[in-house]
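Taken in order, these protein sequences are the chains called A and B. For the first sequence, position 78 (counting from the first letter as 1) is numbered 94 according to this note's numbering, and the numbering increases by one without interruption. For the second sequence, position 59 (counting from the first letter as 1) is numbered 116 according to this note's numbering, and the numbering increases by one without interruption.
Just so you know, the hints here were simulated from the structure itself, not pulled from any lab data. It cannot be assumed that every hint is accurate.
To be verified - For lysine-lysine, the following BS3-like pairs were computed, each having C-alpha atoms within a straight-line distance of at most 30 Å: (1) A/Lys444 x B/Lys149; (2) A/Lys487 x B/Lys79; (3) A/Lys375 x A/Lys329; (4) A/Lys285 x B/Lys132; (5) B/Lys131 x A/Lys234; (6) A/Lys276 x A/Lys234; (7) A/Lys30 x A/Lys47; (8) A/Lys324 x A/Lys385; (9) A/Lys599 x B/Lys131; (10) A/Lys234 x B/Lys79; (11) A/Lys450 x B/Lys132; (12) B/Lys131 x A/Lys112; (13) B/Lys131 x A/Lys285; (14) B/Lys79 x A/Lys450; (15) A/Lys47 x B/Lys79; (16) A/Lys112 x B/Lys100; (17) B/Lys79 x A/Lys658; (18) B/Lys79 x A/Lys276; (19) B/Lys100 x A/Lys658; (20) B/Lys132 x A/Lys276; (21) B/Lys177 x A/Lys276; (22) B/Lys132 x A/Lys487; (23) B/Lys131 x A/Lys80; (24) B/Lys149 x A/Lys234; (25) B/Lys132 x A/Lys599; (26) A/Lys80 x B/Lys79.
Claimed, not checked - Stretches of chain B that chain A covers, calculated by requiring three or more beta carbons in the stretch to come under 8 Å of a beta carbon on chain A: (27) 95 to 103; (28) 122 to 135; (29) 139 to 150; (30) 155 to 161.
The beta carbon of each residue, even a glycine, is placed where N, CA and C say it ideally should be.
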Amino acid sequence: MATSEETVRIFELKDARSVQDPVHPYDASHKEVPLIIDNGSYHCRVGWATDQEPRIVFRNCYAKHRKDRGKKIATETEVLVANEIGNIEAVRFQLKSPHDENIVTHFEAQETMFDYTFSHLGINTSRVDHPIILTEAFCNPNYSRQLMSELLFECYGIPSVSYCIDGLLSYHRNNRNNPDGLLINIGNYTTHVIPILDGYADPSSSRRIRMGGLHLSKFLWRWLQLRFPQHLNAVTLSRAEEILHNHMHVAEDYMSEISKWSNVNYYEKYVRRIQLPFVAAPVSTVSVEQQRERRKEAARRLVEMNAKKREEKLMEDEAELTRLIELVEAMEEFTPDEPEYQHALEEAEVTSPDDLTKKITLLHQKIEKTRQKMLQATSAATEEEEPKPKRVCEDISPKKKADLEQWVEEVKQQWRDIQSRRAARRHKRQEMAKRRTAASQERMRIISQLARREKKDDNFGMRDEDWDVYKAINKEGGGSDSEEENEKLQELESALRQHSPEFLGDTTATKPTSLAENYQIQLSTEQIRIGELLFQPYMYGLEQGGITATIQYVLGLFDSDIQNRLVNNVFLTGGPSSLPGLKPRIERELLAMRPFQSHFNVCQAQNPVLDAWYGALDTSEELVAMGLTRADYLEHGGDRIKYHKDGNMFWAPLMPVAPESAPGSAVPSKETTPAPEAKPTPEGMFSTDNITTVEPTGDSSSS
Amino acid sequence: MVTTEEVIEEKEEKKVPVHVFKNPEFQHTAFRSSKKRGWRNLKQIISLERTYTWPDDSVHYSSIDAPPAFTPAKKYSDVSGLPANYTDPLTKLRFADASEFYRVRDLPMDIVNGLLELRKANSIVG
Numbered sequence: 017m018a019t020s021e022e023t024v025r026i027f028e029l030k031d032a033r034s035v036q037d038p039v040h041p042y043d044a045s046h047k048e049v050p051l052i053i054d055n056g057s058y059h060c061r062v063g064w065a066t067d068q069e070p071r072i073v074f075r076n077c078y079a080k081h082r083k084d085r086g087k088k089i090a091t092e093t094e095v096l097v098a099n100e101i102g103n104i105e106a107v108r109f110q111l112k113s114p115h116d117e118n119i120v121t122h123f124e125a126q127e128t129m130f131d132y133t134f135s136h137l138g139i140n141t142s143r144v145d146h147p148i149i150l151t152e153a154f155c156n157p158n159y160s161r162q163l164m165s166e167l168l169f170e171c172y173g174i175p176s177v178s179y180c181i182d183g184l185l186s187y188h189r190n191n192r193n194n195p196d197g198l199l200i201n202i203g204n205y206t207t208h209v210i211p212i213l214d215g216y217a218d219p220s221s222s223r224r225i226r227m228g229g230l231h232l233s234k235f236l237w238r239w240l241q242l243r244f245p246q247h248l249n250a251v252t253l254s255r256a257e258e259i260l261h262n263h264m265h266v267a268e269d270y271m272s273e274i275s276k277w278s279n280v281n282y283y284e285k286y287v288r289r290i291q292l293p294f295v296a297a298p299v300s301t302v303s304v305e306q307q308r309e310r311r312k313e314a315a316r317r318l319v320e321m322n323a324k325k326r327e328e329k330l331m332e333d334e335a336e337l338t339r340l341i342e343l344v345e346a347m348e349e350f351t352p353d354e355p356e357y358q359h360a361l362e363e364a365e366v367t368s369p370d371d372l373t374k375k376i377t378l379l380h381q382k383i384e385k386t387r388q389k390m391l392q393a394t395s396a397a398t399e400e401e402e403p404k405p406k407r408v409c410e411d412i413s414p415k416k417k418a419d420l421e422q423w424v425e426e427v428k429q430q431w432r433d434i435q436s437r438r439a440a441r442r443h444k445r446q447e448m449a450k451r452r453t454a455a456s457q458e459r460m461r462i463i464s465q466l467a468r469r470e471k472k473d474d475n476f477g478m479r480d481e482d483w484d485v486y487k488a489i490n491k492e493g494g495g496s497d498s499e500e501e502n503e504k505l506q507e508l509e510s511a512l513r514q515h516s517p518e519f520l521g522d523t524t525a526t527k528p529t530s531l532a533e534n535y536q537i538q539l540s541t542e543q544i545r546i547g548e549l550l551f552q553p554y555m556y557g558l559e560q561g562g563i564t565a566t567i568q569y570v571l572g573l574f575d576s577d578i579q580n581r582l583v584n585n586v587f588l589t590g591g592p593s594s595l596p597g598l599k600p601r602i603e604r605e606l607l608a609m610r611p612f613q614s615h616f617n618v619c620q621a622q623n624p625v626l627d628a629w630y631g632a633l634d635t636s637e638e639l640v641a642m643g644l645t646r647a648d649y650l651e652h653g654g655d656r657i658k659y660h661k662d663g664n665m666f667w668a669p670l671m672p673v674a675p676e677s678a679p680g681s682a683v684p685s686k687e688t689t690p691a692p693e694a695k696p697t698p699e700g701m702f703s704t705d706n707i708t709t710v711e712p713t714g715d716s717s718s719s
Numbered sequence: 058m059v060t061t062e063e064v065i066e067e068k069e070e071k072k073v074p075v076h077v078f079k080n081p082e083f084q085h086t087a088f089r090s091s092k093k094r095g096w097r098n099l100k101q102i103i104s105l106e107r108t109y110t111w112p113d114d115s116v117h118y119s120s121i122d123a124p125p126a127f128t129p130a131k132k133y134s135d136v137s138g139l140p141a142n143y144t145d146p147l148t149k150l151r152f153a154d155a156s157e158f159y160r161v162r163d164l165p166m167d168i169v170n171g172l173l174e175l176r177k178a179n180s181i182v183g
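Using the sequences and the hints given, assemble the complete structure.
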């Protein structure tokens, strides 16, 4: 291959950090303007109904630092909300979000996010006096909606809230003239397949797959960490997300494309290398001789310091000796009875004259020894050689040309030793795993011995060597190949490659690796595998059908003329739907599952991420008109919503249950007749008054 | 040395900012009765929903879960991602050909467990 055709595809990681949001100006022009909040589990997009674009887009989470245990005041916690978090990896473990999968369950967190939203919009009135248009999940549980309404009405004092579904908003924005279609909304946690007939969604035939963009990121992240364990810390979830957004695509025919990757040429042509940031090791500009000089200097300095210390010590000892001798002479003048005698003994810090003489002799010996040592040191300094280098590398540098052969032989032998040790370890590990081998039987024998129940004469553990028996029975065979051994092997191999390359032959990689290459990760099958998760959730252990299987199932719930209406407008929306290659793939799958020569049409949202917000912008007046007002909330509770074509339907359960009760304590009633007593309270208990649910117009229920 | 007065001042400065637009007397229902109630997570909410009786035509969150696929799952290698026809009986990892087999046998325990966990095959039952 000509070198001009080869393109080495190495990509860098941007590692973008979030930018702090400003506090937007708030003035009279915003009076009573509806506020559109697309409350997604990944990002939240907020803007006025008079804006063209959402004003604030932020990650829907916050990080709460726990103060050090030293400070006793528990209320002092540092909270970083959304875009205030600079480096999200630093606070990954303290992240909290109002969402659990795609439903809002944690309303204190939601309160924090709303605080952030309203304060950055600049709202400075005593209550938030704007109708809110808020997105919720498809088939949002009443409980969750109830608590959301309570938060909005009671805490923020809003006049009304309209709940709508993001997928439907996006659909209606892009399909003003198409009342029928099959909506496929790929979200962060979930993917919904929703048939839409005459403009209204049909919830009973919709299905939800618990696979979304977050699962794709997480799978890629864990997979890369397991494939490249040496880069465990460098592969973060944010980087996995970035790789997912920029380098992944969906294969049109997965089985044939994935088999192509086993071909080496195909691999070399299409592999993508991601360059992880690394710090180059500081190159020592100093040459070998200079290093030796430096080491000699250091050694010399050490020797001098030692000599000085010894001299000082010697002086002290000699002074002490003269003092003691003087004391002895002084004592000879007195008798043991006189106080001066005792006084002298005390000064010498001894209790009897014998001790004193002993001390004097000891000091004499000490001084002698020190003097001898000093003599030795001075004589040794003259013959000082270069201190033995500690680095292993220098051991294997050959000294003379004549010894080269011998040295190469030694290196080969060392290499063979390491390989044989590894092979033996591997063999032993395998033997232990099989049932009838001697190694495994020996292992069981040792285990049964250790497990003996007799308590008497049990002195296991008295010596340190006893614990080594656990190394013997370890199934791993005493741990996998140690790092030291690996390093040594690398050095030997590099030396061998230099001097006798034919020895290694094809057994090891012959390409020399630069430092930069060591920090690259290669994306081969991952490029199509990650997108494939949407179609084969089994790869992630999720026991649900993928997009294709679910479309097939949903279509099967209708009869053929309705199927044709749905299939003529298959609409893709949601963030992950912007993966390249998704549309051709879905077209191919539809071709396979639809009857011969039938028509279908697949289209994508113009802006998969923002179309939900734009859709709410388009229909904001109608949405506000169909919203839940404060009066409704106080009378019927926060979950009863009016039915409109962008929202959920509401069903009341047939039994009044207080939201205060613990889950599971409500006894399920076997009666199907609704309970006659209705206890509507402002706290929003489920009420069973006679207001029936609003039926959708033109309800063409399928057989 | 930080005196007690300075500590108190710090505390006052770092107080949580009270927003103008919030009702200061608001308390979440979950915390109104007892402080320890806490928030229900999604699983609890779903099971709570199931305990009620609903009208026949109602649809709730758990009723729209997608069913498992009818076609059996394809197997892919845990080492490379290629289609895998073989499984290692010792580690239960899947591999595509002989060279991958040697790599599978050389993998350390934590990576083996990580790969199995990734496809939720790491339970000791079955």
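Here is how each hint holds up against the structure:
1. A/Lys444 x B/Lys149: OK: A/Lys444 and B/Lys149 at ~19 Å, within 30 Å.
2. A/Lys487 x B/Lys79: violated, 63 Å
3. A/Lys375 x A/Lys329: holds, 17 Å
4. A/Lys285 x B/Lys132: holds, 26 Å
5. B/Lys131 x A/Lys234: Within the cut-off at roughly 21 Å; holds.
6. A/Lys276 x A/Lys234: holds, 25 Å
7. A/Lys30 x A/Lys47: violated, 41 Å
8. A/Lys324 x A/Lys385: Given that 30 Å is the threshold and the Cα spacing comes to 16 Å, the pair holds.
9. A/Lys599 x B/Lys131: Given pair A/Lys599, B/Lys131 holds - Cα atoms ~22 Å apart, limit 30 Å.
10. A/Lys234 x B/Lys79: violated, 37 Å
11. A/Lys450 x B/Lys132: With Cα atoms ~26 Å apart, A/Lys450 and B/Lys132 stay inside 30 Å; holds.
12. B/Lys131 x A/Lys112: The given pair, whose Cα atoms are some 36 Å apart, is violated under the 30 Å limit.
13. B/Lys131 x A/Lys285: holds, 26 Å
14. B/Lys79 x A/Lys450: Not OK: B/Lys79 and A/Lys450 at ~68 Å, beyond 30 Å, violated.
15. A/Lys47 x B/Lys79: Judged against 30 Å, a Cα distance of about 18 Å means the pair holds.
16. A/Lys112 x B/Lys100: holds, 18 Å
17. B/Lys79 x A/Lys658: Distance ~27 Å between B/Lys79 and A/Lys658 Cα, so the pair holds.
18. B/Lys79 x A/Lys276: violated, 60 Å
19. B/Lys100 x A/Lys658: holds, 26 Å
20. B/Lys132 x A/Lys276: OK: B/Lys132 and A/Lys276 at ~16 Å, within 30 Å.
21. B/Lys177 x A/Lys276: holds, 27 Å
22. B/Lys132 x A/Lys487: With a Cα-Cα distance of about 36 Å, the restraint between B/Lys132 and A/Lys487 is violated, given a limit of 30 Å.
23. B/Lys131 x A/Lys80: Judged against 30 Å, a Cα distance of about 42 Å means the pair is violated.
24. B/Lys149 x A/Lys234: Cα-Cα ~22 Å, so holds.
25. B/Lys132 x A/Lys599: holds, 25 Å
26. A/Lys80 x B/Lys79: holds, 21 Å
27. 95 to 103: Per the Cβ count (7), the hint holds.
28. 122 to 135: Three-residue rule met by the region 122 to 135 of chain B, so holds; n is 10.
29. 139 to 150: holds (count 3)
30. 155 to 161: violated (count 0)
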